[in-house]
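So the sequence shown is numbered by my numbering: it starts at 5 and just counts up by one.
Distance condition first, Cα-Cα at most 20 angstroms in a straight line; then the derived EDC-like pairs of lysine to aspartate or glutamate:
#1 K16 - E67
#2 K36 - E70
#3 K36 - E52
#4 K39 - E67
#5 K36 - E67
#6 K16 - D60
#7 K14 - E70
#8 K14 - D43
#9 K14 - E67
#10 K16 - E70
#11 K14 - E52
#12 K29 - D60
#13 K16 - E52
#14 K39 - E52
#15 K16 - E59
#16 K39 - E70
#17 K16 - D43
#18 K29 - E59
Each pair of labels, with its calculated beta carbon distance range:
#19 E70 - A44: 12 to 20 angstroms
#20 L11 - E59: 29 to 37 angstroms
#21 V18 - N41: 20 to 28 angstroms
These are computed hints drawn from the structure, not numbers from a lab.
We put the CB at the ideal spot given by N, CA and C, even for glycine.
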Amino acid sequence: MAERSNLSNKLKLVVSYRDADDNEKTRQITFKNLKGNADATAIYGAAEALAGLQEDALIRISEVSENVIEG
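Build the full structure now, drawing on both the sequences and the hints.
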């Protein structure tokens, strides 16, 4: 039977900004070493707090998990 082991978790914020030609663009800000058992409400609150320190508008919050599956 195959088993899954968690390697890492990351918090990814996607923000929107305008470039020098006034075109709307997005960029990603990634924070590694997110606790694997972190509560979704806590993650959301932390992301909102971090986004409040940015000049750019927050458009998406993602949690990225990397796992190894072995048989």
